[in-house]
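Engineer: Chain by chain, the residues:
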Amino acid sequence: MQKETLVPGSISEEELIRLVDTYSGVLLGLCRLTLGDTAMAQDIVQETFLRAWKKGGFRQESEKAWLIKVAMNLCHDYHRSRWWKHIDHKASIEEIQITEPDPADREILALVKELPFRERQIVILHFWNRMTLGDIAQTLGVSQSSVFRGLEKAKKRLKIELEGG
Amino acid sequence: MKATELQKALESSITSCQPSDYWKNHMVRQIVKGEEMSKRTKLSTGIILVAVLMLVSAVALAVGILVNDYYAKVAEMDASGALGRWNLEDKITFVRTMQECGFEIDPELYQTAMNENVPESQREEAANRIVDATYGALIRQQQGYYISEPEDSFGVAPDPVIVFQERYFAEHPEPIDDTPEGRERLLAYTDALGYYLRDTYNPFYMQAHEGQGEMPEKTEIDEDGAVECLKGYMTEILGWDPEEVEHMTPDVEWDETYRMWTLSGEVSAASMEKVTDRRKGIEPTLEGSFIEKTEKGYRVTILVDEKGNWSLEYQDKEAFRKLHIDDAEPVVRIESNEAMKLVEQAIMQKYHLAESELNVLFCDAVPAGLGENNEQMYLMKFHTHYQMNQEMKYGAVINLATGTVEAVFSYETEKWPDEGLRLLDYCAEREWKEGWYFHWSTDSKETLVRKMKEIGMLPDHEFWNTKKPSEAQIDALVAEAFGVPGYPSAVNAAVMIQAVAGPADSWDWTTRCLMEYLIEKYHIHSDSLAGKIAGGSEEVSQETAAEKVKSAVCSAWNMPEGSLQDWQCTVQLVQSPTGTQHGSMVFYRVFLTRPDSELGQDTFGGKDNFNYRILLDGTIVDSTMVNGWYSPAEDAQRWGNNE
Numbered sequence: 074m075q076k077e078t079l080v081p082g083s084i085s086e087e088e089l090i091r092l093v094d095t096y097s098g099v100l101l102g103l104c105r106l107t108l109g110d111t112a113m114a115q116d117i118v119q120e121t122f123l124r125a126w127k128k129g130g131f132r133q134e135s136e137k138a139w140l141i142k143v144a145m146n147l148c149h150d151y152h153r154s155r156w157w158k159h160i161d162h163k164a165s166i167e168e169i170q171i172t173e174p175d176p177a178d179r180e181i182l183a184l185v186k187e188l189p190f191r192e193r194q195i196v197i198l199h200f201w202n203r204m205t206l207g208d209i210a211q212t213l214g215v216s217q218s219s220v221f222r223g224l225e226k227a228k229k230r231l232k233i234e235l236e237g238g
Numbered sequence: 003m004k005a006t007e008l009q010k011a012l013e014s015s016i017t018s019c020q021p022s023d024y025w026k027n028h029m030v031r032q033i034v035k036g037e038e039m040s041k042r043t044k045l046s047t048g049i050i051l052v053a054v055l056m057l058v059s060a061v062a063l064a065v066g067i068l069v070n071d072y073y074a075k076v077a078e079m080d081a082s083g084a085l086g087r088w089n090l091e092d093k094i095t096f097v098r099t100m101q102e103c104g105f106e107i108d109p110e111l112y113q114t115a116m117n118e119n120v121p122e123s124q125r126e127e128a129a130n131r132i133v134d135a136t137y138g139a140l141i142r143q144q145q146g147y148y149i150s151e152p153e154d155s156f157g158v159a160p161d162p163v164i165v166f167q168e169r170y171f172a173e174h175p176e177p178i179d180d181t182p183e184g185r186e187r188l189l190a191y192t193d194a195l196g197y198y199l200r201d202t203y204n205p206f207y208m209q210a211h212e213g214q215g216e217m218p219e220k221t222e223i224d225e226d227g228a229v230e231c232l233k234g235y236m237t238e239i240l241g242w243d244p245e246e247v248e249h250m251t252p253d254v255e256w257d258e259t260y261r262m263w264t265l266s267g268e269v270s271a272a273s274m275e276k277v278t279d280r281r282k283g284i285e286p287t288l289e290g291s292f293i294e295k296t297e298k299g300y301r302v303t304i305l306v307d308e309k310g311n312w313s314l315e316y317q318d319k320e321a322f323r324k325l326h327i328d329d330a331e332p333v334v335r336i337e338s339n340e341a342m343k344l345v346e347q348a349i350m351q352k353y354h355l356a357e358s359e360l361n362v363l364f365c366d367a368v369p370a371g372l373g374e375n376n377e378q379m380y381l382m383k384f385h386t387h388y389q390m391n392q393e394m395k396y397g398a399v400i401n402l403a404t405g406t407v408e409a410v411f412s413y414e415t416e417k418w419p420d421e422g423l424r425l426l427d428y429c430a431e432r433e434w435k436e437g438w439y440f441h442w443s444t445d446s447k448e449t450l451v452r453k454m455k456e457i458g459m460l461p462d463h464e465f466w467n468t469k470k471p472s473e474a475q476i477d478a479l480v481a482e483a484f485g486v487p488g489y490p491s492a493v494n495a496a497v498m499i500q501a502v503a504g505p506a507d508s509w510d511w512t513t514r515c516l517m518e519y520l521i522e523k524y525h526i527h528s529d530s531l532a533g534k535i536a537g538g539s540e541e542v543s544q545e546t547a548a549e550k551v552k553s554a555v556c557s558a559w560n561m562p563e564g565s566l567q568d569w570q571c572t573v574q575l576v577q578s579p580t581g582t583q584h585g586s587m588v589f590y591r592v593f594l595t596r597p598d599s600e601l602g603q604d605t606f607g608g609k610d611n612f613n614y615r616i617l618l619d620g621t622i623v624d625s626t627m628v629n630g631w632y633s634p635a636e637d638a639q640r641w642g643n644n645e
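Protein sequence lines correspond, in order, to chains A and B.
Per this note's numbering, residue 74 is the first one in the first sequence, and the count goes up by one each step.
Per this note's numbering, residue 3 is the first one in the second sequence, and the count goes up by one each step.
For the record, the hints were derived by calculation from the structure and aren't laboratory data.
Keep in mind it's a predicted model, so treat the numbers as computed, not measured.
Backbone N, C-alpha and C define an ideal beta-carbon position, used for all residues, glycine too.
Everything hinted at is true.
Computed footprint of chain B on chain A; a stretch qualifies when at least three of its residues, placed anywhere within it, have a C-beta under 8 Å from a C-beta of chain B:
1) 89-99
2) 102-109
3) 185-197
4) 221-229
Model the full structure from these sequences, guided by the hints.
Structural biologist: Here it is as structure tokens:
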């Protein structure tokens, strides 16, 4: 994954619209799965795009990685604070349409949601986004060995067959 | 579960959200126009602190806490992570501390918790009940966030903030002293609590609200705003009935001299009873406090200034005014674009460059010192270089909070540690030509240690008089120099640089940037390993690694331990090339091969060969397994060729 690099200047409104069109759904799903809360996921996605806008953009090839990194770190910040349980949640179903997963997936997702927060993030990034452990470490701002350990523990908890892991 | 199933489930969940065009357009419009983002979640800004401060007092008095070092002990547990782990051992320690400090504890429960002959589950249950009796219900009642969630890692451990507050009441069991001295004392405590909370939560708080770490500049409020402050205080802080508060008529008085309102509101006794429910029969400590008992119920009075700051402790306007006279300035004074201009000016001035000379350079920026805890998040590090040439030209560090330039330097003209550079150059060249350190020829290794000696990395030793040192002697010296005893492979750029530039924590910004650049540039590969081992991880032996792998394989295939006893096992120490997912790591490869006598059996999924990577600290990284039989030597050979 490319190292985050900032480029002076700002992105255009058209560019922002493209980014929102392309990534808002994925980021929303990612944050919702990570935090288990649609309203908070919406706020984090907004915040992520706002940061992209304020930062003035990023190199084309790493925009997805950059957005995921910021969103994941915001999820972590939200989660880390106990204040987040002290929040009024006002998700609007008109704003987001959510397709229910099929029963088999639901079962697996329930297990994923039971993982400790960091392990959940690692599993999502590794298995969904196919990120290498080094890239995950960079994204989450933790050491590579923490990621190894987190993934190992998560695999054990999820009882993932080693051939797949 | 199969990895592919997990992948599919994650994919289906992540792609299950379809934001409406309305929401997307609304978001874009707000961002582009700089409007305040409408949030779906609203952080309750009222810190529960004060309510707990008031309400806990009754409990503190009731239990008659007598010792002063209670908080210190709990703070120590908190610092060591005990309140985060909150396992049986931690709970027992905590309960013992409570007992020693004079908490009233059910003796039967206490005995059960302390009795090592009782099953652990029962001891834990007893400990939970003891803690819950003092903290749990109170916390759950007053602070909705205090819900036990396994992934939260907070469990049901008592909140150190509450413990802190209890300390105050342990030391000051008398009713709140409403004299100037008493207020001063209370202020000192609440200040300390405030700092605690601020230091704990503020980084998040600022980010969550402002995204860029800016503190919102407070705008002036009108009378309606002041009334909202009072109502928010009554509901969010005191926990009084929102409906009743909404319909009450507050008394409001504006003082032009001090530019603040005095507001008071009243609720029925029932509203207070709801929040003191747990302590039925115990009258809240009100004498001399900011809440007075009235005929109808309870009345609270607060001061609110024109910026919406409100005061509980201060009923004295002069003191309240002084408290907010130095209101926090917005933390970030300049944006990165403005910082960029500062960088350009500073570089042009220091190095006598024309604007045109600077314009041909490409400039990028990264946060400087941004750690997991978001420390120093306002420092930005800028580099300039030619776009087609990644060699750095100039650099600067800007503090966005103060708008000041912390350092400006040239990557080319600053004084570099020559002997260190020669060493780095040499290592980089050897790695390029010969690969990892342990593949180097003895001559190359010997040259390395002699260069290390030149910069003082190696002490005087009879080794230097040896005409033809053995490879083992050289390896031992290298291992010693890099702080990885018993493991000679860790040639580490950071350690080498520190040998010439002093310890990293003594570097100023210029040195730090230069050295970070060198480390990045030379990228000599064993850094992470050296850090890992120097950080205290125990290195496992080849035998242990093999046992761990065997155990993992048995467990993964639901086979009894020892089922692999007859399998042939080969262990190799290898180092992966850079760029793979485990780049720059050194690890063991463990090859397991089914013995002839078991060929054709369907145990272990019918696989005949397993090939695991396991880190030196014993963490199993990944595995490959093969259908079809290879001898251990063949298997090692096949994989060895790919290292």
